[in-house]
Amino acid sequence: MSDIEIGHRPEEKGENVLHAVTVLAAKLGVALEERDVVFAERVCVTQGAGARAEAPRERRVVVRLARHHLRDQLLQAAREF
1 MSDIEIGHRP
11 EEKGENVLHA
21 VTVLAAKLGV
31 ALEERDVVFA
41 ERVCVTQGAG
51 ARAEAPRERR
61 VVVRLARHHL
71 RDQLLQAARE
81 F
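Each residue of the sequence shown is one higher than the last, beginning at 1 in UniProt numbering.
Check the hints yourself; a few may be wrong.
Label-pair distances were calculated between CB atoms; the ranges are [unchecked claim]: (1) E33 to R57: 24 to 32 Å; (2) G14 to E80: 30 to 38 Å; (3) R67 to K13: 26 to 34 Å; (4) E58 to F81: 32 to 40 Å; (5) R57 to R35: 28 to 36 Å; (6) R67 to V23: 16 to 24 Å; (7) H69 to E12: 12 to 20 Å; (8) G29 to H68: 13 to 21 Å; (9) H69 to K13: 18 to 26 Å; (10) E11 to A78: 16 to 24 Å; (11) H8 to F39: 17 to 25 Å.
With a straight-line Cα cutoff of 16 Å, these simulated EDC-like cross-link-like pairs (lysine to aspartate or glutamate) come out [as the list claims (entries may be wrong)]: (12) K13 to E41; (13) K13 to E80; (14) K13 to E58.
Just so you know, these hints were derived from the structure itself, not from any lab.
Here a beta-carbon is modelled for each residue, glycine too, at the ideal position from N, C-alpha and C.
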């Protein structure tokens, strides 16, 4: 599978998730174009109920890439960062 999950990225109102992913890849030194991304979206985190409910967490970004090779490049670059 060629999916990656990105966490700890602040969510901004009206953000373009696809653009944010390509910028992040460029900062890691990986040439990633918009056509290389099948989809990129934020996923919802389920919230607990009642008094013990935790504060809402940032939603993670899920990205599906067109090729496994790109995923491997991004993961390697993130590890070396």
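Earlier hints that do not hold, by number: Violated hints (numbers, rising): 4, 7, 9 and 13; every other hint is consistent with the structure.
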